[in-house]
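Trainee: The residues making up each chain are set out below.
2 protein chains.
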Amino acid sequence: MIFAAIMGYGVVGSGVFELLESNTQTKLSRQVKVKRVLDLRAFSGDKVETCLTHSPDDILNDDTISIVVEVMGGLNPAYAYTKRALQRGKSVVTSNKELVSVHGSELLNIARANGVRYLFEASVGGGVPVIRALRHTLLCEDVYQIAGILNGTTNYILSEMNSLDLPFAEILKQAQEKGFAEREPSADIEGFDAARKLSILLSLSCGKYVNYSKIPTEGISRLSADDFAVARSYDSVIRLIAKAEIKDGVVEAIVAPMLVQEGTSMFAGVKDVYNAIMITSTATDNHMFYGRGAGKMPTAGAIAGDIAEILSGHEDDLKWSPDEAIMADPMDIVSSRVLRLSGHVTDKTISTLENICGSQPSVIHSPTKGQSVYILPPIKEREFLYLVNTIQSDKGVKIESTQRVFADR
Amino acid sequence: MIFAAIMGYGVVGSGVFELLESNTQTKLSRQVKVKRVLDLRAFSGDKVETCLTHSPDDILNDDTISIVVEVMGGLNPAYAYTKRALQRGKSVVTSNKELVSVHGSELLNIARANGVRYLFEASVGGGVPVIRALRHTLLCEDVYQIAGILNGTTNYILSEMNSLDLPFAEILKQAQEKGFAEREPSADIEGFDAARKLSILLSLSCGKYVNYSKIPTEGISRLSADDFAVARSYDSVIRLIAKAEIKDGVVEAIVAPMLVQEGTSMFAGVKDVYNAIMITSTATDNHMFYGRGAGKMPTAGAIAGDIAEILSGHEDDLKWSPDEAIMADPMDIVSSRVLRLSGHVTDKTISTLENICGSQPSVIHSPTKGQSVYILPPIKEREFLYLVNTIQSDKGVKIESTQRVFADR
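First to last, the protein sequences are chains D and F. Using this note's numbering, the first residue of the first sequence is number 11, and each one after it goes up by one. Using this note's numbering, the first residue of the second sequence is number 11, and each one after it goes up by one.
Wrong hints could be hidden among the right ones.
[As the list claims (entries may be wrong)] For lysine to aspartate or glutamate, the following EDC-like pairs were computed, each having C-alpha atoms within a straight-line distance of at most 16 Å:
| # | chain 1 | residue 1 | chain 2 | residue 2 |
| --- | --- | --- | --- | --- |
| 1 | F | K390 | F | D342 |
| 2 | D | K57 | D | E28 |
| 3 | D | K358 | D | E325 |
| 4 | F | K306 | D | D295 |
| 5 | F | K358 | F | D404 |
| 6 | F | K188 | F | E272 |
| 7 | D | K37 | F | D327 |
| 8 | D | K37 | F | D326 |
| 9 | F | K37 | D | D404 |
| 10 | F | K37 | D | D152 |
| 11 | D | K37 | F | E325 |
| 12 | D | K329 | D | D175 |
| 13 | D | K37 | F | D152 |
| 14 | F | K45 | F | E31 |
| 15 | D | K43 | D | E31 |
| 16 | D | K306 | F | D295 |
| 17 | F | K218 | F | D152 |
| 18 | D | K281 | F | E272 |
| 19 | F | K281 | D | E272 |
| 20 | F | K37 | D | E325 |
| 21 | F | K93 | F | D72 |
| 22 | F | K224 | F | E334 |
| 23 | F | K37 | D | D245 |
[As the list claims (entries may be wrong)] Restraint ranges, calculated between C-beta atoms of paired labels, are given here:
| # | chain 1 | residue 1 | chain 2 | residue 2 | range |
| --- | --- | --- | --- | --- | --- |
| 24 | F | Q186 | D | R242 | 51 to 57 Å |
| 25 | D | T274 | F | R122 | 45 to 51 Å |
| 26 | F | K183 | D | V373 | 37 to 43 Å |
| 27 | F | T74 | D | S322 | 25 to 31 Å |
| 28 | D | V373 | F | Q186 | 40 to 46 Å |
Treat the hints as calculated values from the structure; they're not laboratory data. All figures in this text were calculated on a predicted structure; none of them were measured in a lab. Backbone N, C-alpha and C define an ideal beta-carbon position, used for all residues, glycine too.
Working from the sequences, and respecting the hints, build out all of it.
Mentor: Printed below as a string of structure tokens:
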């Protein structure tokens, strides 16, 4: 019999409790019993009541507890609790992407030094076993491209904005009412959650610490119904894409909303709270994992999978160096874009576009009257900013939006 | 240093040789050296020449060789060689779906009894790590649905038939010229290859031997350009789908071409030689794996992954009982269908359709003049056969085709 504890009895914590108390248990190689659940709240009448505690010491100082499930989220106090648990010889399983992204290297080292494990399958992709797949690929291949839809909340909002044709604020409100978005939604809608997840996948892939705050990150809150209309007239949907390339040890990464063409990219079919992660490696080439990116039972299932791994005595292959990876200059990132202009587009602006693009940019039918929509060829961020400055010097024209276009390769 | 041998120097075998001789090697926890390669042919001037042998005994009787990669394909002599290798204390890694499908249970038992491994990631999905993912899910969940595009050759042919609007025989010829189809293509185009792969996934999932020859299997060779035109007018593509459900220990499985609606199912976006496998399990719910289903390096990468697993000392969790699983009566399989009729559809036929379907079936615009196309609601195979018999008794009308429609759930 193995004793476990759960820190945090929220959506995921209660899912883990339910799963470990259910007969799924019979599939694990040894029986796991939840001895303690930490939460500041009381849960009168809930079946958790008998093992509930408000004191972390009841878990951290109890040497009969060998596995701690940390699903509190946030850096503090999760960081201190995780460190203490590992130092005390307990394995820790978590869904906390913020903590893994920032302190992963150190916590993995502490785990190793104490002969225990620090596992975080649930921190990226919810129920999608992407970290396990990535670890496996890394055993004998190099991973040089990662692209994904890593945040379920924004993907739900983007799917709804596209089909209901309502403004962002309205859809966000509905998503919050349905429990698909948090009351404080900025980490999701501004892209930071996706950047953290991407940084975890990148740290594993390149073996060095990828600081998520150095990934250029753009959220979805400024998208308008017009942007979706333009996307549709280009047979595309808008997705919040996290993508990166590792080349000669240099990491180029970005998180931003991008147009994804239907029938061309698998990402166009990823709707609602689903996530998808495409990995490109030296032998296997491009392969993708798709599934529920969030939700009580899928995330709990990922945590149970990590517990199963601890019980199986699987080799410890998770690590990255605390040294920061070299990041590419964000100004060098190349994107194709859809440029939407209103007002009077003068010959001067057209000739600027021609100069930057090398030839006349393609025009697509504008769904909004009085606007012009151009597809720009792939150019570097610095060239694009120069273009924006030049257009802005033309007083009669206004830049309405500049959506990036996702290219599968 | 670990010595390995490769049996079969075809496309996959030469890929494995290349991969193990390359610097990918440096990522494996111990160095692996290919000591012998078995093939009946000579390869003058090829770098394999120095270790080439025509005698299996040079491998099977050499106790310094601890890992054998069997990529000969077919039941014989692969079965005998694999058995001898395992009994002699060598681990065997294979891409041979036929052998795993038929003798997997026995070979896994022989491996276990001899303290070695029998691994076959490359047997299903080529480079897509579906078996590894499935094994992981099975550690703490039950899998109750599997659906997939498991054969790259047929998916390539179907993609090309759809976009080029040429007949099956013509596309098959082109595929053979390009090396995407074998000279003897029946295992692929008649669906047996997909059925074998499905049987491997099912045997793992239900823990009992699923005999692929008991899976109702229909190939793609009878599809016509008209079938694709009907599919398109229903916003669909045609895919060879292998799908199964495990319910109360009973396995219901089928392999058949099916209409897959664009924008509804992720499978619609799976083109060319790509494979995709959707697994539905108790906690994680539905999740999908996608990637190159065949090809030299992706398949070689899957084999290298199995070798890495042998080196890592990963727990042995692959098994199924030799007892045959209970299969559902094929007559009970429920499908929705698109029925295409030519000739004069009498009131009698319409009323038969109404009787069977419970209401008037939906009509879709027929792309071919003089034909009528109906969408039938989900009915059992036996009801459908009764419907076919009744329609055939109506002399003026001819059943042109009866394509199944894939439903994601």
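Trainee: Enumerate the violated hints, using their earlier numbering and listing them in ascending order.
Mentor: 3, 6, 9, 12, 23, 24
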